[in-house]
Amino acid sequence: MHRVWAIIERDLRRFRRSPVLVIVSIIMPMVQLVVLGYAFGGVIRNLKLGVVDEDHGVPAIKLKEMFQAVAANARTFAPLYYTDKGTAMRDLRNGTLNGVLDIPPLFSRKVLAGATPRIALAEDNTDQFSSSALEGVIDQMLPAFNSAPVQPRMTADATLAVVEVYPYVPYIQYLLPGVIVLAIFVSAMIGGGIIFIDDKARGLHEGYLVTPIRKFELILGFTLSGAAKAIIAGFVLVTLGSIIAGIPDPLNIVRLAKMLLLVVATSLALISMMFLIMVRVSDPLVPRAIFGMLNTVLYFPSGAVYPQQSFPGWMKAIAVVDPFTYAVHGFKQLVLKNTGLMAISGDLLFLFVFTALAMTAATLLFRRTL
Amino acid sequence: MFDIEVENLTKRFGDFVAVDALNFSVEHGEVFGLLGPNGAGKSTLIRMLTTLVPPTSGTARVNGFDVIREENAVRQSIGVIPQAMTSDLDLTAIENMSIFAKLYGIPREKRLRTIKTLLKEVDLEQWADKPVKMFSGGMRRRLEIARGLVHEPKIFFLDEPTTGLDPVSRVAVWEMLVRLKSERDLTILMTTHYMDEADKLCDRIAIVDHGKLVALDSPLKLKASIPGRNILEVSFTSMPQNWLETLKNLPDVAEVKADENIFRISSHNGPRTTVALMEAARGANATVASLSVQSTTLDDVFVHYTGHQLRDTLQAPSALDSPFMMKRGGM
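Chains A and B are the protein sequences, given in the same order.
Take any residue in the first sequence, note its place counting from 1, add 14, and you have its number in the numbering used here.
Take any residue in the second sequence, note its place counting from 1, add 418, and you have its number in the numbering used here.
Rather than coming from a laboratory, the hints here were simulated on the basis of the structure.
The model shown is predicted, which means the values in this text are computed figures rather than measured ones.
Note that CB positions come from ideal geometry on N, CA and C, so glycine has one too.
Any given hint might turn out to be false.
Said to hold, decoys possible - Residues from chain A that face chain B, not an exhaustive set, calculated with beta carbons under 10 Å: (1) ARG17; (2) ARG24; (3) PHE29; (4) GLU79; (5) PRO93; (6) THR97; (7) LYS99; (8) THR101; (9) HIS219; (10) GLY221; (11) TYR222; (12) VAL224.
Let the sequences and hints guide you as you build the complete structure.
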């Protein structure tokens, strides 16, 4: 073990002298958290909805009053009134409007006759987020429009009662678990990838190989020292990220302790994976070249930014073996739901087994000679 | 028993034979030099002896241990200074040494004592706590020499120990090596491109070319073994008429160049020409003001055994040439 400690000591002393790399690996995910969190998380407001009233009846006026109410309260859209449908459609195509709502002639008459009245919404569906927000608001509005002035006390209509188990989760909080894992990954990539290969190219490893050190001791030393740095980056993200994202009671000791355990498991898994990938590499370009690709292939299928249920089969298959998936799942449990350890025991188990397998494979593939 | 014994040692990389059935032995206490052009197989040979590269065939024993079967015993017996400067630039001299002492499992008490002694021996005591990135090339090399001795090895391998150093640092490294060798009873195997270095340090020199041993002997005998070409430089305070013609007719003289009273004589046989010159001078009442005879150098030996042509061979690209590596310290 004294040899393993020597490797760790060397690495950590170097890190202490030039901590720039770890700072970089903390700042990059932090920037992503803030920018991405606010870029996607916000409620969509102030869409422009062109309204063409070709009917002018009382029900149409009631509808327009409801639009005004939306514009004044939820502010999802602001109605702009057009007298001419052609002009409204032209403005939609020009991008001035996000949608055009047409109240056709005879709308009022059909409402009063109970003859399936229709209004038409033409929307700019190149922007799915905006168009579905628009659609959603109008969809919600219509039952209110349709309801009779006097409600029967009992109806035969089935209704859905939704109970939200957790407080509202803004997107920035949804993103935080992925960003914690990303910080650990960047740290593993720099420590386990770039520095490892540079040291090898510089001949530093040759210095190790002429001593009586064993393969496993080398891999263990590299893994533990790399993990130590990743743990620092991960834990900084856990605490600072929780504060930035507005997680309730961010410095709760019990939760931080659980998070630390998961940070350790994730760091070990990602570092050992990195050594497995890099064990036969000697060109300093390789870790730099695959950095972005690895990030994409591991980060996005993990469900960190979008639910996995929407993925095609091949991407779900990647997610099953991707250590990111389990790390992100675990952090979601802890960050968003503050669960106990039992809820993440499966994730921890996967990460530790993954570490053991990756380290064994790396040791077997490691060449003790030049 | 020899400290290093090499029998039919061969290394092939695909079709290329880097080291071709080498045989030699190094005695205890010897400084053994490996000379050869670039790509001759010197580094491969050193790497096989230091357990970094497995031989294709043949055997090598270092300190009595087989480099394949008893590799850890070999590693424990040897100190290795690779060609590249491999000290950790961000760490101090003492930290660099301490890490290696720990890799060899030297207990704390002894570790501190040994490191202190060694740093003193290589004159780096006052810089012990300074980061290596502030060291000059010569200081780094000396630190590496100290680092290689931290586990008190019996046999010391040095791959081009003074390449890239200025003349003063080179001399300092030489003196240090000579002193360390006698104090610590070391056997040294080194490669070098500098003939003066080999001449000064080595007891015996092996010239390797195309993976084969082409010559092996002491520097003196090697120099004597090739047809010599000596240069006599002589000046006279007084000399008779037609003295230049007389000099040209001396035995074994190839060419004479004159600059007023100074003559530069090329000879195939320095000693014979010198004797004849002195006799002629006495007979003609010429007074010799100064005389020097330059003998064969190891450069001549080297060129004689390895040929005159430049060896332009392709080699595997080095990762160190990659423009992508991170800059560190003084690199």
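Here is how each hint holds up against the structure:
1. Interface hint status for ARG17 of chain A: upheld, as the beta-carbon distance to the closest one in chain B is roughly 5 Å, under 10 Å.
2. Checking ARG24 of chain A against chain B by beta carbon gives a least distance of about 5 Å; that is within 10 Å, so the hint holds.
3. Hint on PHE29 of chain A holds. Least Cβ distance to chain B is approximately 9 Å, under the 10 Å limit.
4. Here the hint on GLU79 of chain A is broken, as its CB sits about 65 Å from the closest CB of chain B, past 10 Å.
5. At about 57 Å, the closest approach between the beta carbon of PRO93 of chain A and any beta carbon in chain B exceeds 10 Å, and the interface hint on this residue is violated.
6. Among the interface hints, the one on THR97 of chain A is violated; its C-beta lies about 65 Å from the nearest C-beta in chain B, farther than the 10 Å criterion.
7. Nearest Cβ of chain B to the Cβ of LYS99 of chain A: about 60 Å, over the 10 Å cut. The hint is violated.
8. Given hint, THR101 of chain A at the interface with chain B, is violated; its Cβ is 58 Å from that chain's nearest Cβ, farther than 10 Å.
9. For HIS219 of chain A, the interface hint holds, since its Cβ comes within 10 Å of a Cβ in chain B; the closest pair sits about 9 Å apart.
10. A cut of 10 Å between beta carbons decides the hint on GLY221 of chain A: the least distance to chain B is about 5 Å, and the hint holds.
11. Contact between TYR222 of chain A and chain B, as hinted, is supported at the beta carbon level, the nearest pair being about 7 Å apart and thus within 10 Å.
12. Checking VAL224 of chain A against chain B: minimum C-beta separation of about 4 Å stays under 10 Å; hint holds.
The structure fails hints 4, 5, 6, 7 and 8 (numbered hints given earlier, in ascending order).
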